[in-house]
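Chemist: So you can see what is in the structure, the chains are spelled out below.
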Amino acid sequence: MLNSIVAFLNGGAGGGGGSFESIATSTLGTDTQSVTFSSIPSTYVALQLRIRGNSNGGPKITFNSNGTGYSEHRLVGNGATASAGGSTGNADFGNQGALVPGGGGGLSGQLTAYILDIHDYQSTTKNKTIRTISGFDANGSGSIRLGSGLWANTAAINTIKIDSDTGSVWYAGTVFSLYGIKGA
Amino acid sequence: MPATYEPIATATLGSAAASITFSSIPATYTDLRLVVVATASTGTSENLRFNSDTGTNYSRTRITGNGSTAASFGITNADSIVGFNGISTTIPALFTADIFSYANNTNKTVLYTENTDRNGSGIVEYGVGLWRNTSAITNVSISTGSGTFNTGTTATLYGIKNA
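Top to bottom, those sequences are chains B and P.
Going letter by letter, the first sequence gives residues 0 to 183 in numbering that gives the first Met the number 0.
Going letter by letter, the second sequence gives residues 0 to 162 in numbering that gives the first Met the number 0.
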């Protein structure tokens, strides 16, 4: 009784407007310890960081090269158990915190996907709150993680560093994309 | 600066249908985002497939809350990435799927959400899915596990392009 509605795509519907803009992208040509987005303009109301790839340790995210004031809460599912956790007084976001650790295995197998949202990143009066969703599935193992985090700092964010653990790397081919979202 | 987040196509059902398919998807974006608002004829699920692949090449890990219990499940060797099983006949369920690097030559990772509340029952679900296929995605379909999507169900496919 299949009765499909098929929407054909002929060059796209076009005209999405300029509210969601690509700021910068980094695609790793070699295994790399960290990636940094710097000189982020303050002209947006929110940022979204999207990552697709893998590392063998981390990830860890910091703002403005600052290593203090990070706390987080997380909700985690590993395919069998749902759990929750949190931590305070951290030097960064990630690494068992708001972001799921890399799925491992280079880029030949399952890849980890991350979406990190930061609202009011440009404010000089507000502490910064982030929201994350991240996960990987390896057809028999996996992890889905929802996170919220606080950077207790009212400085405008102009630099984002995405690091991996000491001695670890982001694998070649991993893609880091930073987007800006404009207000009305 | 060129548009980064574009609606590629929208389908709104004028009559009940068992599936909605977007085909001939251009490879010019970085990621895809599918947004579906659906009601259905029965308490069915929403099944996401790529390139008409109905083989057992999908898997997922998910976390769910039903108003009283939080749980996590993993499914291996499935024939689709399945959203919440139990779409209402009258109250819309929201399903979103972020399909990362859909046009590249690695296996495909999807972050998806399923949300519905029926004032006494409902579910919130977040999941990560894997399609074990290195082909570029040119076709995305969302179908019911049984029954049909109701008239008025909408599905929009967006393209997200990085710098």
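None of these hints come from the bench; they were simulated from the model.
Worth double-checking, as some hints may not be accurate.
Below, a sample of chain B positions facing chain P; criterion: calculated Cβ distance under 10 Å [said to hold, decoys possible]:
| no. | residue |
| --- | --- |
| 1 | Ala83 |
| 2 | Asp164 |
| 3 | Phe175 |
Idealized CB from N, CA, C, for every residue including glycine.
Chemist: Decide, hint by hint, whether the structure agrees.
Modeler: Do the hints match the structure? See the list:
1. For the restraint placing Ala83 of chain B at the interface with chain P, the shortest Cβ-Cβ distance is roughly 8 Å, inside the 10 Å limit, so the hint holds.
2. Restraint check, Asp164 of chain B versus chain P: the minimum CB separation of about 21 Å is more than 10 Å; hint violated.
3. The beta carbon of Phe175 of chain B is positioned within 10 Å of a beta carbon in chain P (closest approach about 9 Å), and the interface hint is therefore held.
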